[in-house]
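K.L.:
Spelled out, the chains give:
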Amino acid sequence: MGSVTDVNQYDDSLLIKSLKEAVIAGFITFLMAAILIGVKSEIAIGGIELKYRWGALFAAAGIAAAGRFVLSYLFWGRDTKVGDYLDKGLNGLSGATSGMGKIIPIALLALAILLPFLLMQAVPAQARYYLDIATVVLIYVMLGWGLNIVVGLAGLLDLGYVAFYAVGAYSYALLATTFGLSFWICLPLAGILAGFWGVILGFPVLRLRGDYLAIVTLAFGEIIRVVLLNWYEVTGGPDGISRIPRPSFFGLADFKRGDSGFAALFDIPYSPMHRIIFLYFLILALALLTNWITNRLRRLPLGRAWEALREDEIACRSLGINTTNTKLSAFAIGAMFGGIAGSFFATRQGFISPESFTFIESAIILAIVVLGGLGSQIGVVVAAIVLIGGTEIFRNLEEYRMLVFGLGMVLVMIWKPRGLVSTRIPSVFLKERKAVSADLVAQGEGH
Amino acid sequence: MGAFICLTAISANYLLSFGERILEYFVQQLINGLTLGSIYGLIAIGYTMVYGIIGMINFAHGDIFMVGSFISLILIVALGLTAAAGMWTIIFVLLFVLVVSMVLTATWGWAVERIAYRPLRGSFRLAPLITAIGMSIVLQNFVQISQGARNKSIQPLVTGGHDVMVNAETGFSAYLSNIQILIMTVTVVLMFGFTFLINKTSLGRSQRACEQDTKMASLLGVNVDRTISLTFIMGAALASVAGVMFLLYYGVVDFYIGFLAGVKAFTAAVLGGIGSLPGAMLGGLLIGLIETFWSGYFSVEYKDVAAFSILAIVLIFMPSGLLGKPEVEKV
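So the protein lines, in turn, are chains G and Y.
Residue 447 is where the first sequence ends in the numbering used here, and the numbering goes up by one at each step.
Residue 1331 is where the second sequence ends in the numbering used here, and the numbering goes up by one at each step.
For the record, the hints were derived by calculation from the structure and aren't laboratory data.
Watch out, some of these pointers could steer you wrong.
Among chain Y residues calculated to face chain G with C-beta under 8 Å, some are [as the list claims (entries may be wrong)]: (1) Val1077; (2) Gly1080; (3) Leu1081; (4) Ile1091; (5) Phe1092; (6) Leu1095; (7) Leu1098; (8) Ile1133.
Label pairs and their in silico Cβ distance ranges [said to hold, decoys possible]: (9) Phe1317/Y / Gly320/G: 55 to 61 Å; (10) Asp312/G / Lys1325/Y: 54 to 60 Å; (11) Arg395/G / Met1165/Y: 56 to 62 Å; (12) Ile1181/Y / Phe203/G: 41 to 47 Å; (13) Ile43/G / Thr1185/Y: 27 to 33 Å; (14) Thr358/G / Met1165/Y: 38 to 44 Å.
From the three backbone atoms N, C-alpha and C, an ideal C-beta is built for every residue, glycine too.
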């Protein structure tokens, strides 16, 4: 009996507390929304006309109060938390990734390879749409893996990664449109050029650390964008570069109707889907190459030096590691992959302009790396699918899409501050490969 | 430094080509630069205070400035204030708009901290940076949805001004408008008020304590959460003042102004030495001056490049900014 009354008392006080919090939340939301939701400014003749939306204002306050009440009363005040269930599921996933060894990555890889064929069989009408989304997700996976070298492994916070993406895209576009070079020659060239830019931009910031490094890399990203925007003679300014050649089938055939086409080469009926599927496999191969090289590098002295640098720069230096070369190589290799992804982007779009390389792109790539769990290769894939694929589902919401994207970023980060996949697999081990919790490593501190 | 000297030499050369109007033109750019710099400085203080206490870049701060600007725009239109009203009416109504806008924007600042940063206190450093970027995206798109994507403009409210210097031969005059006087006065007054607040009041004492050592401060009875909240509230209020000034000066706002202003102000904070209040103001003025002089003498298109390049050059030679304390690393 006693225990029952206790529970009731507990519920009563929780109810009152939740109600109080709900009223406060409603009031604060009312204040915040009073002008921005309650009044809409519209452009009218001779100035601005105001429309009052009291309904929306009170609805916003009401929703905030109700939401807060539900959260306080049903979840936060209780002993079992809703997050626990979610955590269990996700720990299962990351436990599975480490426990079951390589099963999940292999399953994902198999799915990725079979995806075009599955889509062609299952939904032939929308296959193109879904493959386009998958291609975009893979571009971000590749960019995420490239940035992971700089931020996740070497611990250098780079907010201007999109600059290298832009360098790669413009390198290919300019080389192809002015000199008529083939995509297959330009791809490594774009990577090398972007890598050089990585060294050029990396050199001045070697002494900087943490947030100073972040702001200077952001500044470099903006400088490159502003130059692309204003150097009209070369880059076409805001008009960008159009009619960028599409890639050929390894120089053997193109994807047009006719004798020189891919279909004629293999003697199969022509389909516009061939190009889409080829592009999909191309970016898949490039992304896998990035992953393979990164994983190999992690085991080399260079990769181990990156991770050591992330943990402690002073200890690194006292052990005789050349921090200058280590940092520059991280910048250069990360930039190279960004550049290769950029030239793929250019050839896929056929048109590029500075608008595609704004700061928000850098922010999205960084968000993918951090949300995935810094330094975790599979985490980048999960985060790219969730963020890019997830917002694609909300495409019908038009202008609400980015709002949902931003909210998603905030909520996932609060829920899993260490990223979705937060266990680390050591690159060097004695007898047994043990996963390490992410809390034990100092990631992205920007030393 | 070599590059800097070279730059100075080039600009001196360039100035000469403007002939007789050189001094007046120079003074005009100086006035414009100081006005712009005051606005940047006001925003930069918010960055630098937050950074000083919890060591994070509050990326949403630029968008808080934009929110403040929008709130004041709507208030001014709602109150029907035009330049036709008498001087005292304009002053009192603007003061009212300023106060209301500060209060409402401060709630936004508080809410952003409460929702996106407080749950991540004590987490690793990149986590709040990502939520801050997320919040910035949320604020921009929220305002875009609720107020529309097109830019909104109002007629100038504070008009008139004074010729400070007239060139007798060319007739070119350096003009100091009343709105520029207003912006600089408000900035100076707020700077003094703020320095007083930080140096003399108990709130300022708690802030400085938290800045030095959050854990120790909380052990000694400072309410850390409350101090941090108040820091965000003060930062947002200052950003909203900057927002009102921006609106009055340029007369036009849109949902995207927060990004560039925020990046410039953060650049200013870093340039001055992040964590230092006078540094933020100095950095703001410098960025404003660099931008206007570059636009005035070289090219408008590359003014951002100039500001960012100076930032990179200064940081390479003085890695902790102009007035920042050098970081001492203990092993």
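K.L.:
Each hint needs a verdict: does it hold in this structure or not?
P.N.:
A quick look at each hint next to the structure:
1. Val1077: For Val1077/Y, the interface hint holds, since the closest Cβ of chain G sits about 5 Å away, which is under 8 Å.
2. Gly1080: violated (10 Å)
3. Leu1081: Leu1081/Y check fails; min Cβ-Cβ to chain G is 12 Å, beyond 8 Å.
4. Ile1091: violated (22 Å)
5. Phe1092: Because about 20 Å separates Phe1092/Y from the closest Cβ in chain G, which is outside the 8 Å limit, the hint is violated.
6. Leu1095: This interface hint is violated because 17 Å lies over the 8 Å limit.
7. Leu1098: violated (14 Å)
8. Ile1133: Status holds, d = 5 Å.
9. Phe1317/Y / Gly320/G: 55 to 61 Å: Between Phe1317/Y and Gly320/G, where Cβ atoms are some 27 Å apart, the hint is violated.
10. Asp312/G / Lys1325/Y: 54 to 60 Å: violated (22 Å)
11. Arg395/G / Met1165/Y: 56 to 62 Å: holds (57 Å)
12. Ile1181/Y / Phe203/G: 41 to 47 Å: Hint holds: Cβ distance 45 Å, inside 41 to 47 Å.
13. Ile43/G / Thr1185/Y: 27 to 33 Å: holds (32 Å)
14. Thr358/G / Met1165/Y: 38 to 44 Å: Check passed, 41 Å falls within 38 to 44 Å.
Of the numbered hints given earlier, the model fails hints 2, 3, 4, 5, 6, 7, 9, 10; all others are met.
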